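Protein chains: 2
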Amino acid sequence: MSYGPPYPYGTPPYQQTPYGAPAPGGNYPPAGGYPGAAPPGGGAPVGADPQLWQWFTAVDVDQSGAISAQELRQALLNGDWNFDLDTVKMLMTLFDVDRSGTITFDEFAGLWKYIRDWQNVFRHFDADRSGSIDGRELKNALEQFGYRLTPKILRLLEIKYGAGESRVDLKPGMTFDRFVRACVATKHVTESFQRMDEDRDGWVQMNYEQFMTVVLTAP
Amino acid sequence: MSYGPPYPYGTPPYQQTPYGAPAPGGNYPPAGGYPGAAPPGGGAPVGADPQLWQWFTAVDVDQSGAISAQELRQALLNGDWNFDLDTVKMLMTLFDVDRSGTITFDEFAGLWKYIRDWQNVFRHFDADRSGSIDGRELKNALEQFGYRLTPKILRLLEIKYGAGESRVDLKPGMTFDRFVRACVATKHVTESFQRMDEDRDGWVQMNYEQFMTVVLTAP
Chain A
1 MSYGPPYPYG TPPYQQTPYG APAPGGNYPP AGGYPGAAPP GGGAPVGADP
51 QLWQWFTAVD VDQSGAISAQ ELRQALLNGD WNFDLDTVKM LMTLFDVDRS
101 GTITFDEFAG LWKYIRDWQN VFRHFDADRS GSIDGRELKN ALEQFGYRLT
151 PKILRLLEIK YGAGESRVDL KPGMTFDRFV RACVATKHVT ESFQRMDEDR
201 DGWVQMNYEQ FMTVVLTAP
Chain B
1 MSYGPPYPYG TPPYQQTPYG APAPGGNYPP AGGYPGAAPP GGGAPVGADP
51 QLWQWFTAVD VDQSGAISAQ ELRQALLNGD WNFDLDTVKM LMTLFDVDRS
101 GTITFDEFAG LWKYIRDWQN VFRHFDADRS GSIDGRELKN ALEQFGYRLT
151 PKILRLLEIK YGAGESRVDL KPGMTFDRFV RACVATKHVT ESFQRMDEDR
201 DGWVQMNYEQ FMTVVLTAP
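Just so you know, the sequences run in chain order A and B.
Under UniProt numbering, the first residue of the first sequence carries the number 1, and numbering increases by one thereafter.
Under UniProt numbering, the first residue of the second sequence carries the number 1, and numbering increases by one thereafter.
Since the hints were derived computationally from the structure, they do not count as laboratory data.
Fair warning: there could be bad hints in the mix.
If several chains are the same, the list does not tell them apart, and a pair holds so long as it fits within one copy or across any two.
[Said to hold, decoys possible] Cross-link-like lysine-lysine pairs, in silico, DSBU-like; alpha carbons within 35 Å at most:
#1 K139 to K160
#2 K113 to K139
#3 K152 to K113
#4 K113 to K160
Because the structure is a prediction, the values reported are computed rather than measured.
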């Protein structure tokens with residue numbers, strides 16, 4: 001499993017895609033402890049990006065080795081990413097695997113890579129280099145990820161995650177953080193549907209509790 | 001139909017409640033035109049709240065008689081309500097009935113009353129006067145509105161709409177704007193479910209398109 005950018009896969013109308021889910025352990029070596037490594041709590045772990053380590057320690061003021069969601073938001077801001085509250089919540093859900101409420105440096109490094117990868121995806125699909133994703137660009141991106149959605153659903157995604165503040169105010173398109181949310185939400189809802197569609201006939205049966213659960217866990 | 005505060009109604013596990021949907025026409029008299037009224041485009045309409053009219057005209061700089069979503073956000077700020085983007089979008093969806101993308105003064109007055117009514121609801125259920133709604137207060141509010149939800153669903157509402165930035169960071173509870181969103185979302189999803197549950201057995205059957213539509217139209 002990887003949390004890199006998504007790749008095309010599967011058949012319409014909905015399919016499994018491998019992106020969005022972080023590997024539980026992360027791919028990073030544990031901090032410190034190696035011969036020649038900096039003392040615990042001091043310098044950067046072996047192999048760590050010094051800039052990343054600096055941002056992490058700058059927000060981890062008590063040097064506990066872990067940062068809260070609020071501190072994460074600040075760290076993202078230091079990296080020039082102003083994410084809205086719901087996007088920060090989504091990232092915490094994806095990367096705070098043990099639900100401790102805090103993010104260690106290893107988790108943080110994984111999260112950073114995830115965002116960097118998504119940023120490359122964003123740049124790739126922002127065909128007109130406008131700095132935001134419009135309806136046609138969103139359609140292309142989701143098709144590449146293996147989602148062939150109807151015009152109606154694409155339009156609803158545009159309305160919900162667009163930077164515009166109403167149904168008819170769609171000029172600015174999707175900012176980076178809301179584009180990521182739109183893609184992760186599509187994946188989440190599609191996979192929830194697939195899990196329930198055991199006979200793969202495109203129809204599911206569910207009760208109120210199951211229904212509410214899917215809606216409320218979508219980013 | 002009214003857009004005042006909700007009242008208790010119905011039976012578990014889900015029911016129709018009358019709140020959240022604005023009356024299409026609004027209850028306000030049309031602006032101007034009466035004997036003695038200010039000239040069009042000039043002073044406040046007869047019967048209008050002067051403070052409200054002042055805020056409206058302050059953001060309606062071209063005096064077109066209608067404000068955009070972005071201007072609405074500014075007007076709300078003038079009224080001391082800092083709502084997040086998704087809440088502003090929800091209000092536009094509820095009050096921009098003709099989907100023109102703009103809000104007339106009549107629609108604005110209706111919207112204002114709606115928010116004021118919700119604020120009274122918020123104050124009523126904020127039993128400990130903390131300025132935010134915690135899990136128990138949310139449970140009480142939704143029960144009064146006729147929703148008897150399981151602890152799991154209540155917890156998911158708390159996580160999704162809470163001001164906390166992660167699953168475990170729930171101390172601050174729900175701010176006013178997110179509390180309104182949580183209640184309107186519960187109503188929206190419940191009513192969508194009810195419409196599909198024609199035989200009222202608590203189970204619905206739906207395809208992927210229907211499923212995505214409900215999720216993406218929830219506030």
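Okay, the hints, checked on the actual structure:
Both within a single protomer and between protomers do K139 and K160 lie at most 35 Å apart by alpha-carbon distance, with minima of 15 Å and 27 Å respectively. For the homomeric pair K113 and K139, the shortest alpha-carbon distance inside one copy (25 Å) is at most 35 Å, but the shortest distance between copies (39 Å) is not. In the homo-oligomer, the alpha carbons of K152 and K113 lie at most 35 Å apart both inside one protomer (33 Å) and across protomers (33 Å), since each shortest distance falls under that limit. With identical chains, the CA atoms of K113 and K160 are at most 35 Å apart both within one copy (26 Å) and between copies (25 Å).
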